[in-house]
Amino acid sequence: MTELDTLGKRLYYLRQSCNKTLQEVSDSSHISRSNLGKYEKDIVKPTADAIISLSNFYRISADWILIGKPVLF
Numbered sequence: 001m002t003e004l005d006t007l008g009k010r011l012y013y014l015r016q017s018c019n020k021t022l023q024e025v026s027d028s029s030h031i032s033r034s035n036l037g038k039y040e041k042d043i044v045k046p047t048a049d050a051i052i053s054l055s056n057f058y059r060i061s062a063d064w065i066l067i068g069k070p071v072l073f
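Quick note on numbering: my numbering labels position 20 of the sequence shown as 20, and the sequence is numbered without any gaps.
In short, the hints are calculated from the structure, not lab data.
This structure is a prediction, so every number in the text was calculated from the model and none was measured.
What you were told as hints is all true, and nothing was included just to trick you.
Pairs of lysine to aspartate or glutamate residues, derived as DMTMM-like cross-links and limited to a Cα-Cα distance of at most 25 Å, are as follows:
#: 1; residue 1: K20; residue 2: D5
#: 2; residue 1: K41; residue 2: D63
#: 3; residue 1: K38; residue 2: D49
#: 4; residue 1: K41; residue 2: D5
#: 5; residue 1: K41; residue 2: E3
#: 6; residue 1: K38; residue 2: D5
#: 7; residue 1: K9; residue 2: D63
#: 8; residue 1: K38; residue 2: D27
#: 9; residue 1: K45; residue 2: E24
#: 10; residue 1: K38; residue 2: D63
#: 11; residue 1: K45; residue 2: D5
#: 12; residue 1: K20; residue 2: D42
#: 13; residue 1: K38; residue 2: E3
#: 14; residue 1: K20; residue 2: D49
#: 15; residue 1: K9; residue 2: D42
#: 16; residue 1: K20; residue 2: D63
#: 17; residue 1: K38; residue 2: E24
#: 18; residue 1: K69; residue 2: E3
#: 19; residue 1: K41; residue 2: E24
#: 20; residue 1: K45; residue 2: D27
#: 21; residue 1: K45; residue 2: E3
Work the whole structure out from these sequences, hints included.
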């Protein structure tokens with residue numbers, strides 16, 4: 001297993017890389033702070049809308065958030 005092997009770990013990594021608090025991400029992404037914390041702890045899986053919002057906020061592909069690498073067809 002790698003250090004970014006779960007969706008929650010990837011979300012936590014992204015937030016820490018940007019030096020943002022859960023509240024700052026919550027305010028910008030319009031996702032509750034509570035839900036963001038649950039996503040980062042892999043307690044709850046984010047909805048498609050939440051993934052899109054986080055993808056836009058972090059300016060990263062939804063593929064990377066979901067599986068850790070871009071999907072090539």
